[in-house]
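Undergrad: Next come the chains, spelled out residue by residue.
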Amino acid sequence: MSRAAGIVLLSLIAVISVVAGLAAGSVPITIAKLFYALVQPGGDAVSDIVWKLRLPRVLAAFSCGALLALAGTLMQVLLRNPLADPYVFGISGGAALGVMFGMLVGARAFAQTGLGLAGAVTASALVFGLSLRAGNWNPYRLLLTGVVVAAGLNALLSLILVLAPQTAVKGMLYWLMGDLGYAGNPLPAFAVLAVLFVVAMPFAAAMNVLALGRMKARSLGVAVGSIELLLFGVAAVAAVTAVLIGGTVGFVGLIVPHLVRLMGFADHRWLLPGSVLVGGGFLTLADTVARSAWAPLQFPVGVLTALLGVPILLLLLARRNNDVAH
Amino acid sequence: MLRTDGLRLAYPGQTLIDGLSIEFQPGQVWAMLGRNGSGKSTLLHALAALRQPEAGSVMLHDALVGNVSRRALGRQIGVLLQEETREFWGSVRDYVLLGRYPHARSLFGWSAEDERIAENEIEAWHLAGLCNRSFASLSGGERQRARVAALFAQRPAVYLLDEPLQHLDLAHQVAVLERLSIEARNGGAIVVMVLHDLLFAARYCNRFLLLFTEGRFSVGPADEALTAEHLGELYGFPLVLVEAGSERLFLPARRSGGMTHV
Chain A
165 MSRAAGIVLL SLIAVISVVA GLAAGSVPIT IAKLFYALVQ PGGDAVSDIV WKLRLPRVLA
225 AFSCGALLAL AGTLMQVLLR NPLADPYVFG ISGGAALGVM FGMLVGARAF AQTGLGLAGA
285 VTASALVFGL SLRAGNWNPY RLLLTGVVVA AGLNALLSLI LVLAPQTAVK GMLYWLMGDL
345 GYAGNPLPAF AVLAVLFVVA MPFAAAMNVL ALGRMKARSL GVAVGSIELL LFGVAAVAAV
405 TAVLIGGTVG FVGLIVPHLV RLMGFADHRW LLPGSVLVGG GFLTLADTVA RSAWAPLQFP
465 VGVLTALLGV PILLLLLARR NNDVAH
Chain B
602 MLRTDGLRLA YPGQTLIDGL SIEFQPGQVW AMLGRNGSGK STLLHALAAL RQPEAGSVML
662 HDALVGNVSR RALGRQIGVL LQEETREFWG SVRDYVLLGR YPHARSLFGW SAEDERIAEN
722 EIEAWHLAGL CNRSFASLSG GERQRARVAA LFAQRPAVYL LDEPLQHLDL AHQVAVLERL
782 SIEARNGGAI VVMVLHDLLF AARYCNRFLL LFTEGRFSVG PADEALTAEH LGELYGFPLV
842 LVEAGSERLF LPARRSGGMT HV
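From first to last, the protein sequence lines stand for chains A and B. Residue numbers for the first sequence follow the working numbering, so the first one is 165 and each next one is one higher. Residue numbers for the second sequence follow the working numbering, so the first one is 602 and each next one is one higher.
None of these hints come from the bench; they were simulated from the model. Among the clues, some could well be false.
[What the hints assert, rightly or not] Example chain A residues on the side facing chain B (calculated, C-beta under 10 Å, incomplete):
1) Ala187
2) Lys216
3) Pro220
4) Arg244
5) Ala358
6) Ala370
7) Val373
8) Val386
9) Leu423
10) Arg425
11) Arg433
[To be verified] Restraint ranges, calculated between C-beta atoms of paired labels, are given here:
12) Leu308/A with Phe709/B: 46 to 52 Å
13) Ser658/B with Leu308/A: 32 to 38 Å
14) Asn733/B with Thr286/A: 43 to 49 Å
15) Ala271/A with Glu688/B: 53 to 59 Å
16) Asn733/B with Ile171/A: 37 to 43 Å
17) His662/B with Leu480/A: 49 to 55 Å
18) Gly293/A with Arg687/B: 50 to 56 Å
19) Val172/A with Arg687/B: 47 to 53 Å
20) Ala387/A with Arg786/B: 29 to 35 Å
21) Val326/A with Tyr612/B: 45 to 51 Å
22) Phe709/B with Thr286/A: 33 to 39 Å
23) Val172/A with Asp663/B: 49 to 55 Å
Glycine is no exception: its CB is placed at the ideal position from the N, C-alpha and C atoms.
Model the full assembly from the supplied sequences, consistent with the hints where possible.
TA: Right under this line is the structure:
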């Protein structure tokens, strides 16, 4: 299978996941009715469900998953560590702390988002600042600083959960697991995704070289420092945006880049678009299952991404034929 | 032409090289010899503008290397580092193609010429049967061959190599050295390499840079640099000269503790 054909296939899977997300739910909608509601909006109940409930939710899931996968792919190559995920800068912990604090004091949704943003920015600035301060910074110091700061933030989070009234704890836990139930208008997130993708893609070839290490990349003509700084920025914005949409959804940012690589897209010029498509599609499907399989009961999607992600990765690792890259 | 002027390289509390002024001319093949930690790699990094010298300068065609863009440097200077990554997610072919990165005209694909050059190097380094394998799955020697192939695919005018023969079998060691002398002799390339093998250094290099301790060094052609006395001091180990035909071999003197064959 050529790489172009592979990308077409992944696009098709992404479209199918969106259609499935629109059709499935506590009120199942047939494909014919769905199509009719999409081309002829307004009027009946089906059209309302599709346009007012499902489409925003499905698009939020897609953009959240795509942003997480994009951030994960970038973090893995920037830190040259296959275990890196979008949250290594303490972004998840910082955002969670902000949002949990908002919930604790009973702030409105808008204020909670603002607090989450402030927390994520503060935490990532702290991690980045601490590892840059030592001068000649390197990916390992960044990774370790991130792990240490995240541990500290987790302790504070536990404290908030202990202090919070019983009634608020469930909402907090949903948010911490990752839940798209509170996602608002998905269009800003899509705009962020589009901008970040366009900014990152011209550096895809340089990312292939960066994977060889900073010194080797420099000797091959990559302006390492400035490109790394820019891409860390892209990854951080992607992660923060995703967290503000869906809470701290786990595993998508870690697993999707590996999935796409195992499909034979190791070259970042294909890996980036592939990850965006698979990440979006994966989270859309997971969210569809989370809200429809046990309807009217709704699970936080983070539980499903973990339950699906872990066996998928283990299966792929077990089947991986180390001898064949393509 | 590559030139250093009053170059000083040091780490806190330790001077590696002080006052080094050399002109590396096209066609010359340099061997850099010295003990572990004598500053060979550090000097190589400084020549490649991968390290800022403590004092002095490195000039490439009368421009400070630090002022030349990374991309332009990448087209002119090729570097084989002593330690390069083992982790690469792509295939061997992908890896060798990365040598063409400084020459690539498009951000989104390789030109036919890039593909052809990489393909030639894959053939030359006997990687054709391995080129679809993942780089990470290769043996140490095969990986070194892929690195060498990527370096030659880069087609630089200056080759800076840190222990290029490591992990290679004998035939491939000779192949690397022969190719480098051809690039220097016929292509007018400058070759500077860190070597630990005195036989190969004497056979394939025409200029020698000996790095002693405490910042001292000596520079010269074979008949000046390669004497048993000189090299003995360099390595802190006695050497004996053995003449074999027209070649002069330096062997480590026998000390107690070796095997006695009976």
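Undergrad: May I ask you to test the interface hint for arginine 425/A with respect to chain B, counting a Cβ-Cβ separation under 10 Å as satisfied?
TA: holds (6 Å)
Undergrad: That 29 to 35 Å hint for alanine 387/A and arginine 786/B (C-beta), does it hold up?
TA: The hinted range 29 to 35 Å holds for alanine 387/A and arginine 786/B, with Cβ atoms some 34 Å apart.
Undergrad: Can the suggested window of 43 to 49 Å be confirmed for the beta-carbon pair asparagine 733/B and threonine 286/A?
TA: holds (47 Å)
Undergrad: Report holds or violated for the interface hint on alanine 358/A, using the least CB-CB distance to chain B and a cut-off of 10 Å.
TA: For alanine 358/A, the interface hint is violated, since the closest Cβ of chain B sits about 18 Å away, which is over 10 Å.
Undergrad: Hold the hint about valine 373/A up to the distance rule: shortest CB distance to chain B must be less than 10 Å.
TA: holds (5 Å)
Undergrad: Holds or violated: the hint that leucine 423/A contacts chain B, with Cβ atoms closer than 10 Å.
TA: Hint violated; leucine 423/A Cβ to chain B Cβ min 13 Å, cut 10 Å.
Undergrad: Between alanine 271/A and glutamate 688/B, is the Cβ distance one that fits in 53 to 59 Å?
TA: Violated, at about 45 Å.
Undergrad: So the hint says 49 to 55 Å: do the beta-carbon atoms of histidine 662/B and leucine 480/A match that?
TA: Roughly 50 Å apart at Cβ, these two residues keep to the hinted range, so it holds.
Undergrad: Range first: 45 to 51 Å. Now tell me if the beta carbons of valine 326/A and tyrosine 612/B are that far apart.
TA: This hint holds: roughly 50 Å between Cβ atoms.
Undergrad: Answer holds if the nearest beta-carbon of chain B is closer than 10 Å to that of proline 220/A; otherwise answer violated.
TA: violated (34 Å)
Undergrad: Is the distance from the Cβ of valine 172/A to the Cβ of arginine 687/B consistent with 47 to 53 Å?
TA: violated (34 Å)
Undergrad: Alanine 370/A was flagged as interface toward chain B. Is the shortest Cβ-Cβ separation under 10 Å?
TA: holds (8 Å)
Checked against the numbered hints given earlier, this structure breaks hints 1, 2, 3, 5, 9, 12, 15, 16, 18 and 19; the rest are met.
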